[in-house]
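Chains F, C and G with the ligands: place on chain S using the hints.
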Amino acid sequence: MNEMTSFDVEKIRRDFPIFNETVHGKRLTFLDSGASAQKPTVVLDAVRDAYSHTYANVHRGVHYLSQRSTELYEGARETIRAHMNAGSLDEIIFTKGTTEAINLVAQSFGQMEFQPGDEIILSYLEHHSNIVPWQLIAERTGAIVKAVPINQDGEFLLEEFSKMLTDKTKIVAVTHVSNAIGTVVPVKEIIDMAHAKGVRVLIDGSQAIPHMKVDVQALDADFYVFTGHKVFGPTGIGVLYAKNELLEKMPPYQGGGDMINRVTFEKTTFATGHSKFEAGTPPIVQAIGLGVAIDYVNSVGLDNIAVHEQSLLSYATEQISAINNVAIIGQAKHKAAIVSFTIDGIHPHDIGTIVDQAGVAVRVGHHCAQPLMDFYDVPSTVRASFAMYNNREDVDALVASINMVQEFFR
Amino acid sequence: MNEMTSFDVEKIRRDFPIFNETVHGKRLTFLDSGASAQKPTVVLDAVRDAYSHTYANVHRGVHYLSQRSTELYEGARETIRAHMNAGSLDEIIFTKGTTEAINLVAQSFGQMEFQPGDEIILSYLEHHSNIVPWQLIAERTGAIVKAVPINQDGEFLLEEFSKMLTDKTKIVAVTHVSNAIGTVVPVKEIIDMAHAKGVRVLIDGSQAIPHMKVDVQALDADFYVFTGHKVFGPTGIGVLYAKNELLEKMPPYQGGGDMINRVTFEKTTFATGHSKFEAGTPPIVQAIGLGVAIDYVNSVGLDNIAVHEQSLLSYATEQISAINNVAIIGQAKHKAAIVSFTIDGIHPHDIGTIVDQAGVAVRVGHHCAQPLMDFYDVPSTVRASFAMYNNREDVDALVASINMVQEFFR
Amino acid sequence: MLDDLKELYQEVILDHSKHPRNFGKITPCSHEGHGYNPLCGDTINVYLELDEKEHITDITFDGKGCAISTASASMMTDVIKGKSVSDANTLFEDFRSLATGEHENINAGEDTERLMILAGVKQFPMRVKCATLPWHAMHTALLGKTEISTE
Amino acid sequence: MLDDLKELYQEVILDHSKHPRNFGKITPCSHEGHGYNPLCGDTINVYLELDEKEHITDITFDGKGCAISTASASMMTDVIKGKSVSDANTLFEDFRSLATGEHENINAGEDTERLMILAGVKQFPMRVKCATLPWHAMHTALLGKTEISTE
Ligand SMILES: Cc1ncc(COP(=O)(O)O)c(C=O)c1O
Ligand SMILES: Cc1ncc(COP(=O)(O)O)c(C=O)c1O
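Chains as they are written, first to last, in our numbering: chain S, 1 to 410; chain F, 1001 to 1410; chain C, 2001 to 2151; chain G, 3001 to 3151.
Next up, chain S with everything else stripped away, as it sits in the complex (with noise of 0.2 Å):
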């Protein structure tokens, strides 16, 4: 698809059907795509279309529906591969969600490289995604899991990361955008002063695919992971890029169909490539729905994307911060759409389900994030998370809902 000429948020709503329904009765405003995002009509027909007309399974048929099942879903490899401007479809495995793809490079590089004493470096930014599968794998091994702190407005410290960065770092794990505050990580910084120190470095793409261009080759990340759901694709679909160089070497993570070469009971090879780390039938129209998906993005453009949401982020600022009382959480220079806040006195949840009846959308907890909230000193925010279909009667209608809610509690 072609990028449209000119942005028209209008247009691009009524492509997501969702925007026909009415929550309690009023509008939907939807501020919860940090969560999960809406799908536009071109997924779901791609979806229906699938099992309807050339639905089997892939890879093992040489009959007509397998052959073209598989053509489509192995187009969906070839899509992304271009989308990330990986070098070659060897590196693009197909995974449940970031979080396998994470628990999937934690296991399998972890068990070929850690060893007790090594560290791994992560932030104060990440997701549990980006954490928990890090304990685990540094319980089974002996390594040890370290943070990067950050300042007041929520930035990555740099400096600090440098002085991390020893002979015993294995591995550095942070994520691209902060899913809780909305901080852009300098993760090209990161990326070569890690290799400076031939340190591999993993980047959580899964809230920086829906929003900006990433390249992984020029980002000369090892390995890049993000969720197909928060990019207008289905769920149960994400996406591991990793190096062929590590590919090669790695162990297999999951064992089963697809990733064997030969199998005996005595022995058993592995295939080689993408197939190595994708045991099983894969999540076959997951795949060829999320490939449609970023065709989708791209149709709209990310830079166009990228200064919509820019400005929606602005406005948003603007008049969040003009209420009394609200204290915006995470103020990082680089920011992508998400505003995380707070009210004097009133608990998120409370927020939550208020705003909830004037039809606003938004997140309130922990967003996975317990340690960034740790940092904060708060048990939970309120967060209001745009994307393209976002536009500013959404942040008129979270405002008037938040005046709305200390209006309640007055």
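Hints were generated in silico from the structure; no laboratory data involved.
Treat the numbers as computed from the prediction; the structure is a model and nothing was measured.
A portion of the hints provided could be inaccurate.
In silico DSS-like links for lysine-lysine, alpha-carbon gap of 30 Å or less [as the list claims (entries may be wrong)]:
1) C:LYS2025 <-> F:LYS1267
2) S:LYS146 <-> F:LYS1011
3) C:LYS2145 <-> C:LYS2122
4) S:LYS249 <-> F:LYS1146
Cβ pair distances, simulated, as ranges [unchecked claim]:
5) S:LYS197 <-> G:THR3057: 51 to 61 Å
6) F:GLU1071 <-> C:GLU2147: 20 to 30 Å
7) S:ASN20 <-> C:LYS2064: 31 to 41 Å
Even glycine gets a Cβ: it sits at the ideal position worked out from N, Cα and C.
Frame of chain S; chains F, C and G with the ligands shown alone:
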């Protein structure tokens, strides 16, 4: 849904949109449901509706869409619990498929239980997905994989099994129905014999759930797994049933969002019940689709399905046996509707390509069961696998196409 | 809209959440329980003092919670104080079944009305756990355990 | 329908599959390669004898394969015998690019026609690997490795 009083295969065929397709201009004769089944319209509608009317991430939200999405997702869990007659919802874990479910058990149970020299008992009928995960954990723990032999008809040898059960046996993992040759394995007897020695049992129900009623409590299975795409549900979803008393003791498999209680860099504690084993955003919409698929199966009635399929199996066996130079592999007394065969002097791959031109979709290859192929000393077979929507016309088309193959290679 | 909300956040609930009764810690106490909700990170701790006849002579709570869990804790402590352990456990069951929608009505004598008000939360399924959290903490304490996580 | 099939299974291919040329094993031989297709379990072994001038003086194959891989092996050995190693590698590249549809035409002199016939397989994407399996085994052998799996 109520069970239909009479079984009407033509009516059922109309529920599956794929049968409107033609292949190479021919009627589609789909005999590859053993690899993956087609989907009824109700499942496609449920998937689309979940994305377009009630979509949001589950569990973590207080807003309306998140609440609706959670209700549908958890409702699917209840549908599956009831269908398998599991004792509690905590015992139903959603996975990516059978393969992930077995890997989960192998890693988590294995890590907890296996000591060097301990034995894992499989059988010669197993799919690679019920072999390789055990080999991987055996390698890590020093446990040993053994396989129960079969007779020439493809029947599991209970007597041999009984001799193999020793003090060293830690788990028995066997298929309920062989995907390659259709053997129905006497799992109740196996479970009773294993339990008499205090040994746990995992049943791979991938090929059983679409064709017969399974009651995990009546079986007293410790673990029972199946995959959604073979039971007319979406890809990317599977189920692990496991007894609560085991889940409580087993360590987590993957780490991430939703499976935790509290996360700090120093110490993380885990959720209980199924949550402990469902890290990250689950395949939400796929679970919902699977629930609807199970409802659909129940509306047709598993008893009706079994009668219909067994009659197709008899007809197909009779017709195919009558063809010269064709040998049916696997002639167990209890068989599901799967016919695996070879033709003298003609390679299965060539057969597959030629019958495909007649619109006949069969699977050719080792069916991810190389040890079984080795047992029969064939590199591969042709497999016709039947589901509720197949009819006698399908058998006739298969037979005609086999005759054509022989003509072609005469 | 506000009607629905008013059903959940009734005056008495708002009042208890803003001015919680029995807030604080009993040290030493004979029983304590800590309720943690991993969804929101909230914690409610319940402290009890029992006499030799298994009567709850004193009960207090502290911790961090939303309006619903705070009001629930506050109203619970009011209701429970002076009751026997077995009555407390019955009330726990009554309230749990009301709030989860298992039962429509209960008969808890003079306490019925207060429990019914709190149980308005069942219209808001994602908030049920906020209301039951302090009750679980109390129940756990009486069982002699100390920690409970609800999800 | 039969037309499409006749395109794949041309007379010459059926003939080579039924009566494979150069079938057998050279022992000892200077180079050998084993091709394995995990999709169908087929194996094709290729044996080569080179002289000191890097000419392929003899080439044979054995193993288990379908009509396509057997015919391909048979035709390949016919074509390769007597060629130089560098010509063999060029032919490998030519054939691979034809069969995978990368190139429409090649110029391999007198061998062009035979390679084009085999390359009819590109109409049948799931069978391309059957046709290229013996070629990969041969190429691998010349590289001095012995084993190759295609998937
Ligand atoms: C008996 C059996 N076990 C396991 C599997 C693996 O299931 P999946 O590939 O969906 O994980 C299959 C199907 O492929 C099967 O038939
Ligand atoms: C930054 C980040 N990492 C990881 C995840 C986990 O993704 P998933 O739950 O799809 O596996 C999320 C979203 O939940 C996220 O925002």
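Taking only the CA atoms, is the gap from S:LYS249 to F:LYS1146 under or equal to 30 Å?
This hinted pair holds, its Cα atoms lying about 28 Å apart.
Straight-line Cα separation of C:LYS2145 and C:LYS2122 no greater than 30 Å?
Since the Cα atoms of C:LYS2145 and C:LYS2122 sit roughly 27 Å apart, the hinted pair holds (cutoff 30 Å).
A range of 20 to 30 Å was offered for this pair. Does it hold for the Cβ distance of F:GLU1071 and C:GLU2147?
Distance hint for F:GLU1071, C:GLU2147 holds at roughly 29 Å.
Sort out whether F:LYS1011 lies within 30 Å of S:LYS146, counting only the CA atoms.
violated (61 Å)
Is the distance from the Cβ of S:LYS197 to the Cβ of G:THR3057 consistent with 51 to 61 Å?
holds (54 Å)
Whether the CB-CB distance between S:ASN20 and C:LYS2064 falls inside 31 to 41 Å
Holds - the Cβ-Cβ distance for S:ASN20 and C:LYS2064, about 39 Å, lies within 31 to 41 Å.
When you check the alpha-carbon spacing of C:LYS2025 and F:LYS1267, does it fall within 30 Å?
Holds, because 26 Å separates the two Cα atoms, which is no more than 30 Å.
Against the hints set out earlier in the document, a violation occurs for number 2 only.
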